[in-house]
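Chemist: Letter by letter, the chains look like this.
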Amino acid sequence: MGALRPMGIERWWVLVFLTPTLIGLLLGTFGSIFATLGISFMDWDLLTPPTAAGISNYQGLPDDRLFMRSLWNTLAFAGLYVPLTVIISLFVALGLNRTIPGVSFFRVAFFLPTVSSPTAVGLLWTWIYAQDNGVLNEMITAMGGDPVRWLSRSVALYSVVIVNVWGAIGGGMIIFLAGLQAIPKDYYEVAEMDGAKSWQRLWFITLPALAPSMFFQCVLVTINAFQAFDYIYILTRTGNGNSTMPTLVFSIYRNGFRFFRMGDAAAQAVVLTCMIMVLTLIYFRLQKKWGAQA
Amino acid sequence: MKHLTTLSLVLALSSGAALAETDITFAFWGTPEEGKVWNEIAAAFEAENPDITLNIEVSDWNSYWEKLRVNFAGGSPPDVFAMSPPLYLDWKSRDVLLNLQPWIDAEPEVLDGIYPVTLEAYETPDGYFGLPRDFQTIVLYYNKDIFDAAGQPYPTEDWTWNDLKEAALALTIDNDGDSRPDQWGLAADLYGPESFMAPLLRSYGADLVSADASETTVDTPEATEAFQFIYDMAVVDGSIPDQQTVASFGWDPFLAGVTGMTLKGHWTVPDYAAAPFGWNIAPIPQGPDGRVTTVNSAGFVAASTTEHPDEVWKFLKFVTSDAGQSLAAQIGLAVPIRESVAMSPAYLEQDTAAIDHQMFVDALDYARRLPSFRGFDEWGAAFGDTLDRVWTDEMDLSEGLEEITIYGNDALDKNR
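Heads up: the sequence lines are chains A and B, in that order.
Counting with my numbering, you get residues 6 to 299 for the letters of the first sequence.
Counting with my numbering, you get residues 11 to 426 for the letters of the second sequence.
Next up, chain B with everything else stripped away, as it sits in the complex:
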């Protein structure tokens, strides 16, 4: 980075230009299409700030985190990079993120008009070490063709989890008479908590970990009841396709047209827009303790070692502004963090799919963030690995929940 800056400085001087150019790098996970849109955003930013050159680096989710760690270890991290809230406090705890508070204190109005729940994800007692970029809320997607064929009424906003369970069972059908289903009720993530298990547990009055993330709480009576519900669907009813089946349908059996419903965020809309069947969305169902969905706001953080914190701040201001958010909204993957943009045609009338995009915004009323703590990935492995043994019927549910508690708490203790 330093060399690049020097080089561009030399070039600028030798060509007689008056401005000293600064290079900053923004790395994030995403698809090549997202990379294209972000290059447009970079161009708009550079047009406003001719003295700054913004380099965009896009990688897929897994490579992104690996590259990031290796870049940090090698002493050349990107100036700005994307962050996911469950991992945010882990990264923050390692003292590698830039504290943005001094810049926010100087211009507090930058945060005005941003949805508070998205800001809270980056707020710490020591200040903001990141800012939200966009957000996702989980809704219920349903395949209208499958519901019509089975003569089932479409999901409504009055649905409870039990309504979903009954409909899922009715949609689990063996078409070719081999006494094994080849259509299922619900495609749901049975390994990570974001889209199905966390909302369900919370609407049963339970949670994954205690509020201070000091204890795993998946074996409370409420949590056990919620997990029993999942177990009944996945193992007893068989209305949720198992891992192997999901893999054999390209990891998205809903898009493959073999499940009646799925639970996902807005990120899937551009993919589903091209689906060869009719589909729509409904709010996530309610549980005994009300309706809860998950909100997750991907965001921006900066390396504490960046040599250009002022330029980084200019970039963050731009991408969280109305102009930046409107440009980002055209990707159609996520919901803008500013009400002024989320309630504007830039988001509501995007040309991805003609659905009620506002439902994702309205879901904020009952949305909660995933827990965030040091060692989240390690805890998540204890959670998912053990559940796998429960779903494959190798372990009793109660035994599984006990083991998640033990190994989950180990992971929490090891990372204290």
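The following block holds chain A by itself, in its conformation from the complex:
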């Protein structure tokens, strides 16, 4: 890697080529982050000039019923979605990391949801989950079971987790496949010569070598879990634009763009960002610990 370090005049060119991206990052990303932080201390209806509100937007959050419900929904969702997505996509990647006939077909099939329109996919699942003429309930009743109300409040959490995990397996699979293919083949050859069994090769070579991918995937999936919106909204929306399973992003959207409460929405966005940051920091520490051991 050291040989690829830019030298002399090249360094300037690196800067020149990075400038557009850096400006975009500075103004676009950081600009909007700081704007959100600023707005969270103001009352702003988007129409009239903002007025200072101190920390009242944050103080009001515990009493905001929609926000608290969204918070719990999001936490419960993340608690199921993150481990399931990571584990299932790891197994799919392990299964597809070999030369079997039709492997590219399966890779494409698992990746397809990632590149499909969330709206179309959401509508498709609405139809699968439908109570009376849904595919799933048809199958259950055909086998003599009782139909399930898949999107009723008590079951909706699991139903949307299934859809979201299904939609995320492809992305995770790609990351794990890349990680798997970066593991030098010699390791396995040496281990085989030493008489290591296949589970030992998995446990002592594959999994430790995949630690960086796993870490990356956990961070990514956690961020996605806290930002989950599209499938859940499409599956649980009500006729008047509400949702029976509101998530944090839905609550932010509704406060900002429906209730004229940009300040409250910004405060919620800041809370969401802080939660994601704390979790990411925890992952970083865990990785350091594991990395030191490996």
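Keep in mind that the hints were calculated from the coordinates and are not lab data.
Hints may contain errors.
DMTMM-like, lysine to aspartate or glutamate: derived pairs with alpha carbons at most 20 angstroms apart [stated by the list, open to error]:
#1 424/B / 69/A
#2 327/B / 115/B
#3 424/B / 48/A
#4 324/B / 192/B
#5 102/B / 48/A
#6 175/B / 186/B
#7 424/B / 68/A
Given chain A's structure and the hints, the job is docking chain B onto it.
Modeler: The following block gives chain B in isolation, referenced to the frame of chain A:
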């Protein structure tokens, strides 16, 4: 906008034209088809006013309100934009709407011949900050094939809500023997009040909020009785399909041919015109306190910061005139605000569907507007979110009504 004007001015001068052109923008929610008709209306307006260019911007309902807020926040709102009466006073309270009163005072005859109930929606103690564009009244739609198959008589104008409830139960049928219905009596909105709950409550002598919109009034004895009626239909009889079922039929189970009746305004006529079954309309049923339906008049408002208020006024005059209203009537989605047009072939003999279009006009006799106040959307969320828990049987009705009152009043207080 300013740059466009300057640019067109420069162009006009350089091409030697004598007229200075003004650009104004009209934004509204609707379908691409409506956009097409409005482009025709714009062309007719420009023909009469060669010095004005009218830009039409159409978006779907949700994107429309988002775009509008973002445009305002960015300092470039459209000059004229569409408004819905329940949200009107909220927008007005934020001082962003142009007061049209000075122009109306100069030409008061512009309002002559417009249905008063549509004008009242935009009247405030400070004057008019908007004008009606068209109106909707809610009627009862029924599927003749479903009524015939069940041997049920069609709804009549003598129907009470109890007649509707009994017919709905008789039309709720399990065809495939799995002991779950696959046909229901009535498709009705159980989340927003416009088409079903507001008319029902009011015909029971109750209402959603007090007259001055200071209090939520859904837990009075009359309101409780009305909600009990809805609960009996939706939960006990199961004659109103639930939210999931409605979603699985593309949000319109009536059009999907699986409900005998629905309650809607005229906006649905062009869609239903292509339905593969026979259907007709009847007046909304009566309650213990008489017959009440909802009237809602979408309208036009202007941004207080528009640089061309005189041109905006010319546009408003044109689109509320006989000529403008006749052009708009061909869309077939709404009812014209002028009696001269609503009672003319332009509306009554439109080629959407051969039904009694006059019934929507006659309904004005017993129609009432939805409440309008600052924080309407927030109040509506407290209302719909809580009712959802009642319809899914997670919460008692009485508990639900109590909670709507508490959270509804919170929303009202927060927006005072």
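Chemist: State for each hint whether it applies.
Modeler: Hints versus structure:
Using a Cα cut-off of 20 angstroms, the hinted pair residue 424/B and residue 69/A holds, with the two alpha carbons roughly 12 angstroms apart. For the given pair, residue 327/B sits about 13 angstroms from residue 115/B by alpha-carbon distance, which is consistent with the 20 angstroms threshold. A hinted pair counts as satisfied when its Cα atoms are at most 20 angstroms apart, and residue 424/B with residue 48/A qualifies at roughly 12 angstroms. Between residue 324/B and residue 192/B the alpha-carbon distance is near 53 angstroms, which puts this suggested pair outside the 20 angstroms criterion.
Restraint check for residue 102/B and residue 48/A: the C-alpha separation of about 18 angstroms stays at or below 20 angstroms, so the hint holds. The suggested pairing of residue 175/B with residue 186/B is violated, with an alpha-carbon distance near 23 angstroms, which exceeds 20 angstroms. Proximity of residue 424/B to residue 68/A is assessed by CA-CA distance (about 13 angstroms); at most 20 angstroms being required, the pair is judged to hold.
In this structure, the hints that do not hold are numbers 4, 6, in rising order.
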